[in-house]
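Note that full-length UniProt numbering numbers the sequence shown so that position 953 is 953, with each residue one more than the last.
These are computed hints drawn from the structure, not numbers from a lab.
Each hint should be verified, as a subset may be incorrect.
What the hints assert, rightly or not - Here are the simulated DSBU-like pairs of lysine-lysine, each with C-alpha atoms no more than 35 Å apart in a straight line:
#1 K264 x K231
#2 K984 x K844
#3 K364 x K317
#4 K973 x K936
#5 K348 x K433
#6 K301 x K1014
#7 K699 x K660
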Amino acid sequence: MSEGESWSLFESVAFPYGSEGASPTLKEIGRRIVDKCKGLPLAIKMIGGLLFSYGNDEMKWKNVLESTVWSSTSEIRPSLWLSYYHLPQPVQQCFAYFSLFPKDYEFQMDEMVMLWVAEGFIEKTTQDFEQLEDIARGYFNHLLLNFFIQESSSGTSQFVLHDLVHDLAEYVSMGLCLDWKDINLQSRRLCYKKGEDEMLLYKSKVQKLSLLRTFLPIMRFPHRQFYLDNKIFRDMLSNFKFLRVLSLEGYAISVLPDSVGDMKLLRYMNISGSNIECVPLRICRLYNLQFLILRDCRRLKRLPANIIDLVNLRYLKVFGTPLEEMPDGFGALKNLQVLSNFVVGKDKSEQMKELKDITNLHKKLQISGLNNITDPEHVVAAQFGKKEYLEELVLEWGWIENRETTTLDERVLDAIQAHENLKKVTVSGYGGKRLSTWIVGMSPSSNIKLRSLCISNCFNLETLPLLGNLPALKKLTITNSHCIQSLGEEFYGGSSRPFPALETFEIHYMFALKAWSHPGCNRRGFPSLQRLKIQNCPELMTFPVCFPSLTDLRIDGCGKLFGPETRGGVSLGNLPALKDIFMRGAHCLESLNKGFCGDDSSNDSFFPALEKLTISEMSGLKTWCFPGGRGFASLKELQIEYCWELIKIPFCFPCLTKLKIWDCYNLIEIEMIGGPEEGSVSTTYGHSLLSISISNCPKLEEIPKSFVNLMDVYCGDGCNKLASVPRLQHVRELCLYVANESMSLEAALQDSTFLEELTIVSYCRNVAVELLSLDLNRLTSLKFLCLMFTEDDDCERICWENDDKVAKRAPPNLSHLQINGWSLQTSAKILTHFSHLSGALITKLEFLNCPALESFPPDVELPSTLQSLHISYCNALTTISDRFLNGCSNSLQELTIGSCWNLVCLPQSLSTFQSIHKLDLRYCDALESLPDGFHKATSLRTLSLDRCPKLVVLKECGFPTALTHLTFGNCLKMKAVSNLRLTKLTSLAHLELEGFPETFTLDGCLPESIEELKIKNFPHLESLSRLLPTLKNLRRLHVDDCPLVNQKPRSKMHKLIPQLCI
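Input sequences plus hints: build the corresponding full structure.
In structure tokens:
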């Protein structure tokens, strides 16, 4: 950064309220400190954050300036080191913990808070009411405010460390974290990448790390399972008796080793996403355990009865785990702060009383199985009104067909009577006809803090409470409430300004809803609403247009909306902030006229802020008429789809850049309307348009000539009358389906000097002749050319009548040629043509969908510049001649053949090619063998053979020994891996094997050079325990659909456990 930029950034951090009040001395010291940061933004922000914490104390600022750290020769930036040095000691310890994780690792605040507490980093303050987690969050925020932590750019409420800050964390962690390159038996903490570093566990001395405190593999691929060898797993954990943190999340383990029960110091255990069916009773003796995470354990149905002995447990997360009930005596866990789900089991209604003594619950609590409550007094006893730290409550009644408990459900919901500080409430599966008043309070002046309310699958609900009274409600979702017929005064409540804070309102599947009326008594509601979505409300005929802040509107599947009954009542164009409209299935809307757009003709008033408009499946839409005044001043993207009756589209969009019109069968014209001033050439509409896509508009004859700046043009199938396109002097990508005899390619391409990608689809005549007769050398930017022929092409007439008309020079930069749906005659002409063009530099060639092609022309050779050849879906192709490939024998690097079901053999000369390094064969059902001498293809590095059921790799042939990547799968005649003789492939690093039903063992079948191994669908493979130690370089292992691998039966009825790991 420049000197000025550096000082400006420093000022924004060190003087966030402006530097006017700062003394000249302070500013001078600040400038000298900024100079020492040498323009590094991170350093400036961190040192600025430190100085901000010192206020106007000139002595402290001067001490920073004169610190000897600035002259340090350490690799750590002095400004970073100074910022760390001035952190409080407990915060320093928490910061050093980040060295455990790899660079660029994204983490959440709650994740770090739990780990810091479990590690014992958080010291209790003198204020008894302050929880350890609150203190830890304070530490986290301190690091965030001082730029040690920064928010991730992924936008997922996650955080990350800058690389330089991570270097600092590693520097100050004093080697307590394990270094794979130099394992120190005194190391206390181990973190590795799950699915990538397991082999390091197998080969290193990890089992001997008896002083280990932290075992924390991290997951880069969520929602997947990983493989961990059972024996190594058990031996390793048996030595970790001093662990405080243990995570086995995502491992496909079905049983926890008994040794886990001996980890008396364990405070944090995460076995989420595993295959465990029961939690061992020994776990219930871990009296120091504070955090137990059992998320997404799909086979776990019950918690152990003795879990109530874990009296120090603070966090129990079972979200996504199908528990059927909670253990009796659950209320003994009085220290619980986070309980993700409390399940009321069948005939367990009284268990609700267990929640009475768990008064310190924080964040979110879901109560499932409320349909099992038989007495509302059991709910009253839980005393939800006293759980004042709860922020979110999810109330779930399980669906039971023909359940007649309307009154009981209402009494149960009334009995919950939660406190007023709740921020979010979800009611799901509720059978009552009304909601309880505690949700909204008794009057508009109620001190309800509710920000989000979701009402889901409440099929009997007939009325809504006074939701408009909620002063803080920001999001409201109502879905599958089939008995609500209207949203009227009972919905708005008595507030003079209903829904003052609501920002998002969604209505889904309200099949009985007919009317949504305006607030009465001239009240103005929804002043903050920004997003409105109305979906599948087929009877809805009216809704209010009173949303001054609305930016995003979605209307989908509301067939009666905008019908004759609503004329004069709905004018969306008057919404001043609306930016995005999506409308689909409003079949009653016949015209986009002033009733829709607004009737203010005095100025450019309607849709002033609209940027994107999508209209789809409007079967009744016939006309689009602009009111007297102009509108759509900000519209950039317009999409019109499946409006079968629409005849004309008036083009009056001064800023439109993207236009898509698909499946408008009666559209005859895009009518151009001039600028706002008559005769004003400079404001002619259409000049801003950069992209147009038109398909299945059979009556459209012309694209307006004023679209002169198009860069991306798609004129697709079904535009049979389209006879011309505008001058395409700026076009980069052009796809043209030629279905009209009057369409002139020469006229379309005459000015296209910037054209980079061209696709021509022939429907009516010899387009190939016309195209190649042009002076293609003028297309100096063309890189990709696709010629597509339809089944209706007459092969007899696809030829050159006058060879002297055919161009003799190729586009100078054309490198990629694709021919789709061709014939034998066409192939000979086109290939010969491009092979002999002067200046032809074709490096990639594709032949696709050539169903009648049995063999390539005998007198044609591929160009000598060709590097990549792709042949797919040529069903009749049986052979590929040696001569066909002869021309590119010294240049071809990649050959891909797919779905050529009748291909019997490959050219024998393929084995002699010196440049080919990749061969991919898939779905070649008739292919029986590889070329003779294939093992001598010394340049080949990557080979993929998949779903070639007749293929046999002969013993005398084998694979090239220089292969580094091999994929071999579902070639049914190769029944066992041992038949492949892979041990000779001493350079093989990546191996994928799939579909070997007769392979029982891989012992002695694989070379030790393998670094990544993926095996799938080995139904009889029994074990990998003896194989893995022989693969000395293996770093990554993936096992999928191998039911016997790592299986440990626990009973005669034990089911096969599929293993999936990455």
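Straight-line Cα separation of K699 and K660 no greater than 35 Å? 16 Å, holds
Does K264 pair with K231 here, judged by a C-alpha cut-off of 35 Å? Distance of about 22 Å is within 35 Å: holds.
Straight-line Cα separation of K348 and K433 no greater than 35 Å? 25 Å, holds
Pair hint K301 and K1014, alpha-carbon separation not exceeding 35 Å: Answer holds: K301 to K1014 is near 32 Å, not above 35 Å.
Do the alpha carbons of K973 and K936 lie within 35 Å of each other, as the hint requires? Holds, at about 23 Å.
Pair hint outcome, K984 versus K844 [Cα-Cα no greater than 35 Å]: 33 Å, holds
Going straight from one Cα to the other, do K364 and K317 come out at no more than 35 Å? 10 Å, holds
Going through the hint list in order, the structure satisfies each hint without exception.
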